[in-house]
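*Asks:* Protein chains in written order, with this note's numbering: chain W, 2 to 402; chain H, 2 to 402.
No lab work stands behind these hints: they were computed from the structure.
Built from N, CA and C at the ideal position, the CB exists for glycine as well.
Wrong hints could be hidden among the right ones.
[Stated by the list, open to error] Going by beta-carbon spacing under 10 angstroms, a handful of chain W positions derived as facing chain H:
| id | residue |
| --- | --- |
| 1 | G40 |
| 2 | L109 |
| 3 | K174 |
| 4 | V267 |
| 5 | M268 |
| 6 | Y280 |
There are 2 protein chains.
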Amino acid sequence: MVSDLNSVFSNSAKGMKRSAIRELLKLTQRCDIISFAGGLPSPDSFPIEQLKEISCEVLEKEGAQALQYGSTEGDNKLREILVNRYRKDGVDITTNNLVITTASQQALDLIPKIFVNPGDKVICGLPSYLGALSAFSTYGAQMIGIRLDDKGMRADLLEKELEQMKAKGEKPKFIYIIPDFQNPAGITMPESRRLEIIAIARKYDVLIVEDSPYRELRFEGEPQRTMLQLDGTGHVILLGTMSKIFVPGFRMGWVVAHEDVIDKIVMAKQATDLCTSAYLQKIAARYFEKGYFDQNLKKIIDSYRIKRDAMLAAFRKYMPQGVKWTEPEGGLFLFLTLPEHMNAEELFKIAIDQKVAFVLGSVFHCDGSGHNTMRLNFSFMSKEQNEEGVKRLAAAIKQQM
Amino acid sequence: MVSDLNSVFSNSAKGMKRSAIRELLKLTQRCDIISFAGGLPSPDSFPIEQLKEISCEVLEKEGAQALQYGSTEGDNKLREILVNRYRKDGVDITTNNLVITTASQQALDLIPKIFVNPGDKVICGLPSYLGALSAFSTYGAQMIGIRLDDKGMRADLLEKELEQMKAKGEKPKFIYIIPDFQNPAGITMPESRRLEIIAIARKYDVLIVEDSPYRELRFEGEPQRTMLQLDGTGHVILLGTMSKIFVPGFRMGWVVAHEDVIDKIVMAKQATDLCTSAYLQKIAARYFEKGYFDQNLKKIIDSYRIKRDAMLAAFRKYMPQGVKWTEPEGGLFLFLTLPEHMNAEELFKIAIDQKVAFVLGSVFHCDGSGHNTMRLNFSFMSKEQNEEGVKRLAAAIKQQM
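Next comes chain W alone, as it looks inside the complex (with noise of 0.2 angstroms):
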């Protein structure tokens, strides 16, 4: 080896942290454990006998392609088809408008590539996804937290931080938002709010990074319109993945955006991994052909609604006075914060002895803050699990209390 192997490693190298969430989940892999930690999919979504039937169909009817490199840009029928679902919404874009990635991950690691330069600033939410937050990290962001209220990130916090940063000559590179069902915080943009975040992007000629991976897992009231079509003007960047609705072991995603831009991510993905699987990405084609996608989204969504109705109504049960949770309407979270004086991470060894395990909420906070948030899942465990597991959550917190 060579001498000092550290001293060859990036600064960007220097600064990596193995995922808190990633590395808790080795933690809570104990069968007896009910882990409210991970981000996954319930298994029960995954429509296998589906995909032995259409796995063989490409492989019979495509197979040269499929198994042969693709183009960058991504599957022309599995573009076409995105393209036609956004502008049946009456999103206006063609296929120039979309490339697929391997995975919006990939998508959250090219948008920075292409964007940011070491010490340049992003916006994003207080508290915001922890794999958006380590991927920017990489490339050098310095992220500034702007703190959501029950309507998301707050447009008056977020036009005077734009303001000071104007008057030192400062931009950020963009505003990172989760406007559905946000990663950590469940919560839901209203409309009204995503035009007030809009307006003041174009005021102060700043990109929106809309990151929508859970928008179609609604459980109840109205579908509100994208970042994306609500600007109209090219001042969104919208990510979109196929691993909440329908299997993450495709790592299949998209992103829409002016085609000057996506021009920039295919060739930033050229150099990252060429192409995503053409098999993957033409099995996901015919699952859309087929009728197979939409008829199983229902299913998705009628089960998490389910569970998430578990979890809420144990929260009512058994929490104690003082703790608060959000309510929502979809997705895969929801965000739970003690009383003040109270620590989430103290919590967490309890809570393994109580055999229940969450995600610190401080991890998804860029500024260190929310020692007494959690984020829990509702979508991986059993309805009966969910109950069971706020049981035990709710022991855990009144013994730290």
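Based on these hints, arrange chain H on the given structure of chain W.
*Replies:* Below, chain H without anything else, positioned relative to chain W:
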């Protein structure tokens, strides 16, 4: 759209160009053109029937795990299989030394991510695989090219370069080498040269990145031990891939290295795509377990040998005096050198008129040299097309002469 999108792009994105090869490929996809331009395996080698069988088996027997998120390190079974293959060859590694990547191209992105700060120097062959040069450049690497002779990278020139750098207090981050059936040159480095280069790397305390996508595609002659094995001290990082010995459409590769390097690669991969498709990894693992891998590899080798021989015979038959070519013992490519006064770019236009295509050798030269060289692929077209294509190419060369 923001008022000046170009000003928002990162320095790295501002320098991005679409891959010359992938763009050329689009031009050469006219069905009447015999294209030696791509680096594509032959679709005849794709084990479609076996994959139908195994895809169904994986979905049936381990569907829930296959379709879920996997670990960043990769599927344990597949890692064990790969490690055991190396161990059987006498390479002393454990699964802690191996991580699965989303094909080799991802490894070529993760390596500079963990080692390269903008302006850092990286040494490569003249010529070298374009996808590596592009990936390294994305991170701001300054590429230093070292000429090859018929044994691969020249050790004397390498040492001279390292000595000059040392005099200036500089050191490259790593030396990038493709020792077996080099892309694009088709040259294999004998053990003596490998040992020389390893000794130099140790003397100057520099890492070696050994890119090894073709090593198992040997048509004749003795297999050479990998530089990883010859070194044995952790100076070498080896990249492997399933793309040329199984199918490219699975996007599956791996890195073998010292555990501290693997550890950083795993962290970098977490922020890049979380994990490689568990479904495809489980299919690949079963493909090895059933003995299909070794069976098919033999078939691929036999078929490519015939195609290479056809191309070489046609060269001898049709090429005018003054044209030279390499005679690779394996892999997918050979390299052709025109007389010094000729220009491959001008020839390209004549060749397209003659309905034959190749890749300009200059794109593989980080210093812009190689104006009179070209890379030819012999694996994708049929034996007959290889013969006819060389005939057309020779006619184009004669016309230009």
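*Asks:* All hints are to be evaluated individually against the structure, with a verdict given for each.
*Replies:* Structure-based check of all given hints:
{"no.": "1", "hint": "G40", "result": "holds, 8 angstroms"}
{"no.": "2", "hint": "L109", "result": "holds, 8 angstroms"}
{"no.": "3", "hint": "K174", "result": "holds, 6 angstroms"}
{"no.": "4", "hint": "V267", "result": "holds, 7 angstroms"}
{"no.": "5", "hint": "M268", "result": "holds, 4 angstroms"}
{"no.": "6", "hint": "Y280", "result": "holds, 5 angstroms"}
When each numbered hint is compared with the structure, no violation occurs for any of them.
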